[in-house]
Amino acid sequence: MSTTGRIVGVNGNMITAAFEGAVGQNEVAYAHIGELRLMSEVVRIRGRYADLQVFEDTTGLAVGNPVTFTGELLSVELGPGLLGQVFDGLQNPLPQLAAQCGFFLQRGVYLPALSREKVWEFTPRVKTGDRVTAGDTLGVVPEGIFEHAIMVPFRFHGSHTVVDIAPAGTRRLEDVVARLRDEAGTERDVTMVQRWPVKIPVELFVERLRPAEPLVTKVRIIDTLFPVARGGTYCIPGPFGAGKTVLQQITSRHAEVDIVIIAACGERAGEVVETLREFPHLTDPRTGRTLMERTTIICNTSSMPVAAREASVYTAVTLAEYYRQMGLHVLLLADSTSRWAQALRETSGRLEEIPGEEAFPAYLESVIAGFYERAGLVRLRDGRLGSITIGGTVSPAGGNFDEPVTQSTLKVVGAFHGLSRARSDARRYPAIDPLDSWSKYPSVVDPADLALARDILHRGAEVGQMMKVVGEEGTSLDDFVVHLKAEYLDATYLQQDAYDAVDGATSSERQKAVFAFLARILRAPLRFADKDAARSFFQRLSQATRDWNRMEMKSDSFRDQEAKIQALITEAGGHV
Amino acid sequence: MFKVYQRIDHIAGNVVHVKASGVTYRELAQIESRRGESLAQVIRLQGEEAALQVFAGARGFATDARTRFLGHPMQVPFSEALLGRTFTGSARPRDRGPLPSGQLTMIGGPSVNPAKRIIPRNMVRTGIPMIDVFNTLVESQKLPIFARAGEPYNPLLARIALQAEVDVIILGGMGLKHDDYLFFRDTLEESGALARSVLYIHTAADPVVECLLVPDICLAVAEQFALQNRRVLVLLTDMTNFADALKEIAVTMEQVPSTRGYPGDLYSQLAARYEKAVDFDSAGSITILAATTMPGDDVTHPVPDNTGYITEGQFYLRNGRIEPFGSLSRLKQMVNGKTREDHRGIMNGMIQLFAAYRETLEKQSMGFRMSAWDNKLLRYGARFEKEMMDLSVNIPLEAALDLGWRILADCFEPAETGIPGRLLDKFWPRKM
Chain A
25 MSTTGRIVGV NGNMITAAFE GAVGQNEVAY AHIGELRLMS EVVRIRGRYA
75 DLQVFEDTTG LAVGNPVTFT GELLSVELGP GLLGQVFDGL QNPLPQLAAQ
125 CGFFLQRGVY LPALSREKVW EFTPRVKTGD RVTAGDTLGV VPEGIFEHAI
175 MVPFRFHGSH TVVDIAPAGT RRLEDVVARL RDEAGTERDV TMVQRWPVKI
225 PVELFVERLR PAEPLVTKVR IIDTLFPVAR GGTYCIPGPF GAGKTVLQQI
275 TSRHAEVDIV IIAACGERAG EVVETLREFP HLTDPRTGRT LMERTTIICN
325 TSSMPVAARE ASVYTAVTLA EYYRQMGLHV LLLADSTSRW AQALRETSGR
375 LEEIPGEEAF PAYLESVIAG FYERAGLVRL RDGRLGSITI GGTVSPAGGN
425 FDEPVTQSTL KVVGAFHGLS RARSDARRYP AIDPLDSWSK YPSVVDPADL
475 ALARDILHRG AEVGQMMKVV GEEGTSLDDF VVHLKAEYLD ATYLQQDAYD
525 AVDGATSSER QKAVFAFLAR ILRAPLRFAD KDAARSFFQR LSQATRDWNR
575 MEMKSDSFRD QEAKIQALIT EAGGHV
Chain B
39 MFKVYQRIDH IAGNVVHVKA SGVTYRELAQ IESRRGESLA QVIRLQGEEA
89 ALQVFAGARG FATDARTRFL GHPMQVPFSE ALLGRTFTGS ARPRDRGPLP
139 SGQLTMIGGP SVNPAKRIIP RNMVRTGIPM IDVFNTLVES QKLPIFARAG
189 EPYNPLLARI ALQAEVDVII LGGMGLKHDD YLFFRDTLEE SGALARSVLY
239 IHTAADPVVE CLLVPDICLA VAEQFALQNR RVLVLLTDMT NFADALKEIA
289 VTMEQVPSTR GYPGDLYSQL AARYEKAVDF DSAGSITILA ATTMPGDDVT
339 HPVPDNTGYI TEGQFYLRNG RIEPFGSLSR LKQMVNGKTR EDHRGIMNGM
389 IQLFAAYRET LEKQSMGFRM SAWDNKLLRY GARFEKEMMD LSVNIPLEAA
439 LDLGWRILAD CFEPAETGIP GRLLDKFWPR KM
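So the protein lines, in turn, are chains A and B. Residue numbers for the first sequence, in our numbering: 25 to 600. Residue numbers for the second sequence, in our numbering: 39 to 470.
No wet-lab data here; the hints were simulated from the structure. Small disclaimer: the values here were computed from a predicted structure and weren't measured. Each residue gets a CB set at the ideal place from its N, CA and C atoms; glycine is no exception. Errors might be hidden in some of the hints.
Covered stretches of chain B, going by a simulated chain A footprint (3 or more residues, C-beta under 8 Å) [as the list claims (entries may be wrong)]:
1. 289-302
2. 422-432
Far from chain A, by Cβ distances over 10 Å, these chain B residues were calculated [said to hold, decoys possible]:
3. Val61
4. Pro245
5. Ala309
6. Val337
7. Leu366
8. Val373
9. Gly419
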């Protein structure tokens, strides 16, 4: 018998209900308007009153309307068919919603996340009598390019014995594929779908490992200067218009991982649409299949209900954990974590909690830390590795990084890609600031070359600053050349044309080769008659190198262009 | 049928509290006081008590005012007959015309399912090079114009409205000066565009709560036109007044303020409006241009700041010109690859050189000697400002691109421009 209650107050998306019986924190409840049921979550209990945040528009709710409590935490469905899908923050499949409700999102319509009709080719992987625990593979079904593991439900405690396992053949989602007996002798059926509460991490691995292997994004400034590791975390704070979302989109296309989960959290719908409409037509160069087959989108854009925005990042990370449990490498891109934090702030404000800095709740920091800590490289019980890498954008108010969300995030991530307004204004994309950003993960290029490049960038910037004070005439020719070298490295390596087919994605092999070549240029002793000669030389060199970036590696033109650049250097008295 | 409540318990600012039962959230009510009638909307329910914001303002209201709940949220009538008409912020006629009739549409309706949107694909030509070449406007885009209070943002909006190829123009004025309202009306009338326009005007003299309704009404009507396969352009001016009205109500309701007194949900409130911009996959589209004045010319002020995170770019209007730095159309990449092959090359090349010119200006102002390169940049910058940036320049995109090449060729050697060699070979003007 489930608990019921009645609404006694409505304030925006927050309702207060008086109840009889037992109610749990974070339990899901439904508020009723006639036939309509609006999903909501308990966020505070005081005596016999529960405060609930409603995941939908609350127009039309009245005092006295009934509320039914489900006794369950907010959960998602896990099973084959998640890939290639587009869900809202509560895991409603958006295309199916559109088919049912038309152009607009209708409140109170909840559809099953996974298709019950679709048939899957099941192959068992265990025999009767085998001992298994939660997260172990019972059988597999092919899902696109992957072998999707049907696992012992994560909520099963302790060791189980396989009593019965279905033979190979076609199965639907809710068909029973195994029967397990626990240590107490209770037998339970297992289907191909299970539910898991989103706010509780799945921790069914043997150990967490230190992320050490680079996750290649094919963005040069990231892979070379501020790398990301598989199983690591990174954040991209930046003012609006600096290119956070474009950077995330590029990463979602080119990143060398098995699965990409995009959590479009409180951002523009248009950006999701680009991914939605383009990915089915883009080929993943690693598999030859479309990018959509490795992508799941959780989409709760800015005009969709705020409470569901908060749920969406948890939904996304739970799906990521599910695939990690199969020994896959997952990249979770959250855009933007600030919107999620603002959703927390709105809820906190309506609960009239004592506000912390900039009215964000005092628990903001621990909530952010808890989310990023769900990333990680893990070793599973069968020895395979799986990983979740989390990359979150941050949209700081006024582009000022000294605000609570950016600062709380910086404490818990392994790499910081700070976007700068000055660079984006100067159309230097990606606008990651090469001086402020940092990464604790290893790079794809030679460390000595990298140290040299960083040194040139720093000294070049210093000279640039100095020149603003003392002018060009007050700067020595040597310093001036350092400045030009830094600018050259910036223009030809750090900047990348995302819209050029070749320049847009640079493989780690090419990065190693080109960066080594550029490092030799940076080391070469170049001699110039005067500053104008030096500037004009570097202009020609930049032009030649940028054209080089647009040529396929291993093509004839690529080699010819390399020779041309060598000739230029030789002309200036250097050797490469 | 509807029960009438004879007593108001509490009056603060423009919000009144009434003890009533069976009231639903966001329901409308009609309040009659000695001073006349006004509509009001439920904004909070707490036990027996309903809080209502009064559209006409609560000034002069007495505790014996009569409140009648209407049983539905705010609706506006929609029909073709709206075209050519002017209304107030609460959709009453401002032009002495008849009360509009037609199918009633709820305002502030649900958002569009992202799965039913399509990638924007049509450029909106404006004849302004700073927009067409450098920050192309795209159908279904939402774009604010950030400006100080004194900048000519309203004339710019009007000019874009007249030159853009759209079927319906909807103008929403919030806290508009009466002269500005007349300016818009007369401009639209003179050019014959009034017949395809609908105006919802809240002037600075009208009750502040009505200001809150303007964007929702405009967008609800725009949505109906778009569903009938029309391309709709919605002009909103000025969204900062809208945000200030939100702030006023939030403070009256004793909400915890976040930055500078604005409510914590300012982002969501603005997003709910801007996100109505859409290109439907089998119907029309809504494009939104919104003037947002920046108090103190400060883009980090909460209103422009939150707006910038929501919209698909922004135009900065400074000293009567669209500033190339900071101004951005995020959707330009969707269309500028299909216009002419040198479009992107010119766009990037000219802006990078203009950035260098600004640096040189800085050096010059500090009294440093100008190098040969600096002098080239100075010559270039002056021409760019005069021939490209000036808002009076009115030329089609193709002519603007040609002009760009001529300016570059007059000032630089090809290799100095940073434009890809392939384009230089094809487009660099031959010396006479």
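Comparing the hints with the structure gives:
1. 289-302: n = 7 at 8 Å, threshold three: holds.
2. 422-432: Since three or more residues must qualify, the claim that chain A covers the stretch 422-432 of chain B is violated, with 0 doing so at under 8 Å.
3. Val61: For valine 61/B, whose nearest Cβ neighbour in chain A is about 6 Å away, the distance does not exceed 10 Å, so it is violated.
4. Pro245: 23 Å, holds
5. Ala309: 3 Å, violated
6. Val337: 8 Å, violated
7. Leu366: It is violated; leucine 366/B is separated from chain A by about 5 Å at its closest Cβ, not greater than 10 Å.
8. Val373: 13 Å, holds
9. Gly419: Holds: least Cβ distance 15 Å, greater than 10 Å.
Violation of the numbered hints given earlier is confined to hints 2, 3, 5, 6, 7; the remaining hints are satisfied by the structure.
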